[in-house]
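Fit chain B to the given chain A structure using the hints.
Protein chains: 2
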Amino acid sequence: MQQRIIDTAESMFFRFGIRSVTMDDIAKELGISKKTIYHYFADKDDLVEKVTENAMSNQMTKTCMIIDASKNPIEELMFSTKMMREMLENVNVVLFFDMKKYHPNSWKKYMDFKTVHLEIVKKNLNEGIAQKLYRSEINVEIMSKLRVETIDMAFNMELFPPNLYNILKVQLESIDHFIRGIVTAKGLEIYEKTRLAI
Amino acid sequence: MQQRIIDTAESMFFRFGIRSVTMDDIAKELGISKKTIYHYFADKDDLVEKVTENAMSNQMTKTCMIIDASKNPIEELMFSTKMMREMLENVNVVLFFDMKKYHPNSWKKYMDFKTVHLEIVKKNLNEGIAQKLYRSEINVEIMSKLRVETIDMAFNMELFPPNLYNILKVQLESIDHFIRGIVTAKGLEIYEKTRLAI
Chain A
1 MQQRIIDTAE SMFFRFGIRS VTMDDIAKEL GISKKTIYHY FADKDDLVEK VTENAMSNQM
61 TKTCMIIDAS KNPIEELMFS TKMMREMLEN VNVVLFFDMK KYHPNSWKKY MDFKTVHLEI
121 VKKNLNEGIA QKLYRSEINV EIMSKLRVET IDMAFNMELF PPNLYNILKV QLESIDHFIR
181 GIVTAKGLEI YEKTRLAI
Chain B
1 MQQRIIDTAE SMFFRFGIRS VTMDDIAKEL GISKKTIYHY FADKDDLVEK VTENAMSNQM
61 TKTCMIIDAS KNPIEELMFS TKMMREMLEN VNVVLFFDMK KYHPNSWKKY MDFKTVHLEI
121 VKKNLNEGIA QKLYRSEINV EIMSKLRVET IDMAFNMELF PPNLYNILKV QLESIDHFIR
181 GIVTAKGLEI YEKTRLAI
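Those protein sequence lines, which keep their order, are chains A and B.
Using the UniProt record's numbering, read the first sequence as starting at 1 and increasing by one per residue.
Using the UniProt record's numbering, read the second sequence as starting at 1 and increasing by one per residue.
Among these hints, one or two may not hold up.
Heads up, the list lumps identical chains together, so a pair's fine if it works in one copy or across two of them.
Below, a list of computed lysine-lysine pairs in the PhoX-like style, where the Cα atoms sit at most 25 angstroms apart [said to hold, decoys possible]:
1. K132 to K169
2. K71 to K132
3. K62 to K82
4. K109 to K62
5. K62 to K50
6. K132 to K186
No wet-lab data here; the hints were simulated from the structure.
Only chain A is shown next, with the shape it has when bound in the complex:
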């Protein structure tokens, strides 16, 4: 039941944001009593935190599958981009607003995920360099940090107000530029082919 509540809440938060979804709405959607929800979660903030942890864990699993399934580091970046695209196409951006403003603990957890992400990017860069798909002059330590921070930039609502900018468009622009900036001629060729196929 706990997992069912988490999954349902996540799906509702994705559609409507967090603030406009009440514990009553979630109970109704599941056809259970609000008491049942409070049996598993102390309050809404606790539920939001568990949903966030669950979403992060799912994202981690998917990322590992992508790394496993990819033929090369460029394909890995393309599949990750696809995963992000699917997520952002299905999310109401109000979710990020609400999370940052009303559930700072969850937001912090989501932001702390960066350290994991940083390691993934570093590994990708090192492998790309080893396979001569990325330029060998790249400073992996610096470039990985710049990349991970740039991903966050697109979620910065002061910088890219959602009423003026589409988060997905910003992310796609930034990943495309990132890849073009690191590849060798050979890597660029593979990138141009791969992006049409994925």
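Frame of chain A, contents of chain B only:
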């Protein structure tokens, strides 16, 4: 006299940071009394603000000269990089620490300079696209914001602690990556030639 005080203070702040330079030190260096300094500036915070405004105005003048003197947008970026390199090679990074922590008004002014910088980057991108040196698919609105924010990133001391990272190295890594990410094949050729010459 006011300008002499500003110039001397700027040069001392560059060498030693702000906090360790007292009004006494500046007076001594100029061979004047502290009273003379206080005739022109209300207090140290006021002096720091005037020094910041002066430095920004000088930077603006230099940037205009660079835009004027450059044969193409790539050369313009290279000359700007050279200007930044010369600045960062001669600055004690403690200056940025001190400014942010002890002179938030001046720091804010320095940060607000971004809006000017944003326009310069936009103009550069549009001209590069017009000259077929940059890819025509670039979203100038998004890319210019990403670029200006990335410049700031290198000054973010939580992200790149100065004891672990060299600000200049971070900036050079990021500008090199930025240019490679936006150029066409023709632009890349010009970039490779220009960067060896400047």
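How the hints compare with the structure:
In this homomeric assembly, K132 and K169 come within 25 angstroms of each other (Cα to Cα) only across copies, at 23 angstroms, whereas the closest approach inside a single copy is 29 angstroms. With identical chains, the CA atoms of K71 and K132 are at most 25 angstroms apart within one copy only, with a shortest distance of 14 angstroms there and 33 angstroms across copies. Proximity of K62 to K82 under the C-alpha cut-off of 25 angstroms is restricted to the intra-copy arrangement: shortest distance 11 angstroms within a copy versus 43 angstroms between copies. For the homomeric pair K109 and K62, the shortest alpha-carbon distance inside one copy (18 angstroms) is at most 25 angstroms, but the shortest distance between copies (44 angstroms) is not.
Taking identical chains as interchangeable, the C-alpha atoms of K62 and K50 lie at most 25 angstroms apart only when both belong to the same chain, with a minimum of 18 angstroms there against 53 angstroms between chains. For the identical chains of this complex, K132 and K186 are neighbours both inside a copy (8 angstroms) and across copies (22 angstroms), given an alpha-carbon limit of 25 angstroms.
The structure agrees with every numbered hint stated previously.
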